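If you're matching them up, the sequences are chains A and B in order. Under this note's numbering, think of the first position of the first sequence as 159, with each following residue one higher. Under this note's numbering, think of the first position of the second sequence as 26, with each following residue one higher.
It should be emphasised that the hints constitute simulated quantities derived from the structure, not laboratory data. In this text the structure is predicted, and so the values were computed from the model without any measurement. Treat the hints with caution; some may be incorrect.
[What the hints assert, rightly or not] To give an idea of the interface, some chain B residues facing chain A are shown, with a C-beta separation under 8 angstroms as derived from the structure:
| hint | residue |
| --- | --- |
| 1 | 105 |
| 2 | 107 |
| 3 | 109 |
| 4 | 113 |
| 5 | 115 |
| 6 | 168 |
Cβ coordinates follow ideal geometry from the N, Cα and C atoms, glycine included.
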Amino acid sequence: MKTPSPALPLSLAAKLGLLGTAALVGLPILGLGLAWAYPVGLIDAPPIHTDRLVEATSNTVMLALLVTVFALVLGSLFAWIQVRWTFPGSALLTRLSVLPLVLPSFLLAATLREGLAPLGSLGELLGRQERFDGFGATVFVLVLSCTPYVQLVVSAALKRLPRHTEEAAQSLGASPSRIVREIVLPALRPALGFAALLVLVYAAADFGAVAVMDTQVLTYELYQFAGRGGVQAPLIGGLLIVAISPLVILGRRLGGDYGSSELSYVRSGHTAGQRPALWVQTIGTALLGTYLVFALVLPLMLITRWGVLIPAQGPLIGPLITTAVVGVTAGLATLVLGGFPAALVAQSKGKRGALETLTFVASGVPGVMIGFGLLQLALRVPQGSLRSFAEGGAILLLGLALRFASHSYAALKPALLTQSEQSIEAARLLGASRWRVWRQVRGPHLAPALASGFLLSFVAVVKELPITLMLIPAGHTTLATRIFDAHEDAHLGDLGVAALSLLGMVLVAQALLWRWSRHER
Amino acid sequence: MSANVLSLDAVQLAYGDTVVTEGIDLTIKAGEWVSILGPSGCGKSSILRAVAGFMEPSSGSIELFGAPATAPPERRGVGMVFQDFALFNHLSVRDNIGFGLKGAAGAEVRVNELLKRCELTDLADRLPAHLSGGQQQRVGLARALAPRPKLLLLDEPFANLDADLRGELGSWCAQQIQSEGAAALLVTHDRREAMALSDRIAIVDGSPGRLQQVDQTQALYQKPNHQAVARMTGEALLVPARAADQRARSAFGDHDVLAKIEGSVTLVIRPEHMDLVPDANGPLVVDHSYFDAQQWMHRLRYNGQTVTVAQNQRLNADRLSLTTRSPLWAIAR
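Produce the complete structure using the sequences and hints provided.
Right, dumping it as structure tokens:
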């Protein structure tokens with residue numbers, strides 16, 4: 159009788175996995191260190207003054223904090239309207255309010271900057287005299303970009319909040335304001351903290367909007383010094399780590415342990431929509447409407463106008479194919495890089511927190527830093543087949559997979575954790591071979607999560623800018639880099655066509671994702 | 026005669042166009058314990074929500090303490106205990122109990138008194154997540170009792186607890202409520218729970234739920250006025266018969282009947298009315314027999330109905346015949 163071969167001991171596999179993941183996550187930091195120790199570059203960078211560094215650092219922190227505060231207020235208000243209010247058109251309005259997620263921040267920034275410029279389509283109409291750029295404009299754009307993240311996180315938490323708890327407080331004589339203050343807000347605190355963490359990291363690590371708006375923050379500074387010799391770029395990279403770390407700690411302090419707090423409110427209660435007072439409804443709807451105008455309607459109108467009315471300068475087929483190829487291959491790479499730790503964590507029944515932390519840390523590292531670190535490593539690879547491999551796009555895929563591995567991890571972990579071992583044992587006892595178990599039991603259970611993980615990563619990859627901009631092989635362009643270049647060259651026709659194509663691609667993937675998630679429910 | 030703390034008059038409740046319960050007439054006197062017993066989906070929890078003020082009746086009226094109940098929930102002066110406990114998970118046991126006493130004179134004394142009475146003193150500083158189900162429900166009850174409500178609403182409060190704890194906690198709960206002098210309205214689908222705790226039971230059945238009968242437990246068991254009431258108050262075979270002059274003829278023979286009704290009736294044959302004899306051609310089929318602590322239980326099937334009957338000895342037979350004892354109760358059909 160054939161006895162099953164002993165599996166690799168879990169602790170050893172986990173240790174190897176931890177080491178492997180740590181090594182991959184450490185690559186950009188290694189590149190940063192090498193750039194500091196052995197600075198190389200075709201042109202030496204100009205000297206950088208302390209004042210400029212201090213300004214960029216304080217701008218980074220202020221930008222992150224301001225965007226977080228405004229996005230938290232707006233996103234929480236929209237989440238409340240979505241879950242707790244019922245008035246004609248409320249469902250449509252709140253569904254539309256998460257659609258700006260499909261617009262990358264650099265595209266939103268580019269359309270608003272060009273559209274609201276004194277000679278822009280809307281700027282002229284409104285009689286604007288000043289350019290729409292700089293720190294304030296960046297805060298505005300990033301608030302528009304980040305609000306849907308807050309809305310999604312807070313509305314999910316609000317839906318899970320059992321109404322019985324609020325009813326209990328009401329039956330004990332608590333007024334509506336006391337219920338919000340003492341029951342709802344403390345219960346939402348983990349979700350609000352988690353949303354704050356998301357927005358803090360997003361705003362501090364953003365490259366696209368700050369580059370388009372010419373805002374001197376650390377990510378944009380690092381990009382500007384990246385291709386030059388000298389220690390300026392690694393110095394800025396180090397400062398970026400120093401600036402972001404306290405923000406992450408602050409976010410975690412605010413949120414506590416989001417996952418375990420959610421578990422204490424597992425029972426879903428009766429959630430009934432309420433019709434608010436007319437004046438409250440008017441203010442809420444006006445805010446939501448204004449948000450939608452700037453975050454969705456205006457950008458879409460401008461993109462369509464430029465794409466349709468202004469002739470494009472160059473063909474689009476190349477960037478379109480490159481985007482699709484990079485999106486698909488990097489999406490598959492994230493499934494491997496995120497799937498491995500997810501499988502190990504699931505095997506240990508949700509333990510191995512270090513692996514999970516590492517996966518999320520990798521995704522928290524700003525794209526511009528990953529791009530810079532890997533670029534420095536590639537520059538130090540000796541000429542030969544390995545160098546060709548790196549320059550041929552492998553390093554780009556590695557960067558994108560590192561950046562978005564957490565998307566696949568988050569999609570796959572729950573599916574792997576909920577895979578019933580008993581159903582597999584039942585299949586084996588019924589005579590199914592290992593292959594048939596995979597095909598008919600494990601596979602169908604994991605398929606929706608694999609598809610979701612892939613599509614989530616695909617959408618993020620095709621919208622990504624700094625890693626692609628820094629690591630894409632010479633002579634290639636994606637739709638994202640085409641939009642960025644077209645904005646720099648003021649070719650609005652190119653910008654419009656590329657943006658419409660990118661949005662089309664994202665919307666198709668998003669539609670598939672919604673279909674899958676509905677199927678899963 | 027004591028005053029009514031609650032009166033429901035022809036109350037109809039609906040979610041949008043869907044009526045969940047209608048024609049509910051019910052009164053509760055001070056200190057009285059009334060249970061609403063009914064199957065899932067008959068709208069019994071909605072009745073409680075309407076009394077608490079969380080939903081408005083689509084027709085009919087509710088009076089609390091002699092006045093129309095129009096105040097919002099926070100000013101109705103009724104307490105409520107929930108099936109899922111609905112504790113404030115971010116507050117300690119002490120703060121949960123004291124929540125409804127904010128700003129009230131003697132709040133601390135009252136909280137300490139309830140902590141002691143509910144044997145929660147040692148757990149006062151713990152968060153609800155660190156308590157067992159039974160302890161959580163004691164906190165839920167103490168919290169609801171703290172503001173001294175004259176009426177306590179209990180929405181299947183023991184449904185999430187295991188069977189042994191359910192019985193124990195139910196009796197304890199009744200004692201606490203009684204010692205506070207509060208009236209109670211319990212919603213449950215558990216017949217034993219309702220019968221063990223209530224002065225009177227209101228049986229609700231159907232969809233939308235309608236009130237079938239309100240009475241004391243023994244009266245409901247012995248003289249149900251509806252087949253649903255007979256089924257919900259205990260084991261019974263419901264057998265069609267023709268009745269005249271307090272006699273009835275059914276498939277099981279002739280019987281004396283208590284009710285003075287004529288024509289087509291349904292006889293209510295409780296286990297204590299049954300004499301069962303093994304009979305290969307008998308009409309009752311023995312589905313299953315098992316020993317339960319002191320007696321042999323036999324699950325019998327007859328004409329699409331099942332009834333479980335306790336006997337001192339095992340009946341070693343596949344089929345049984347039945348003769349009935351004493352006068353039976355009959356319901357008009």
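Broken hints, by number: Per hint list: zero violations.
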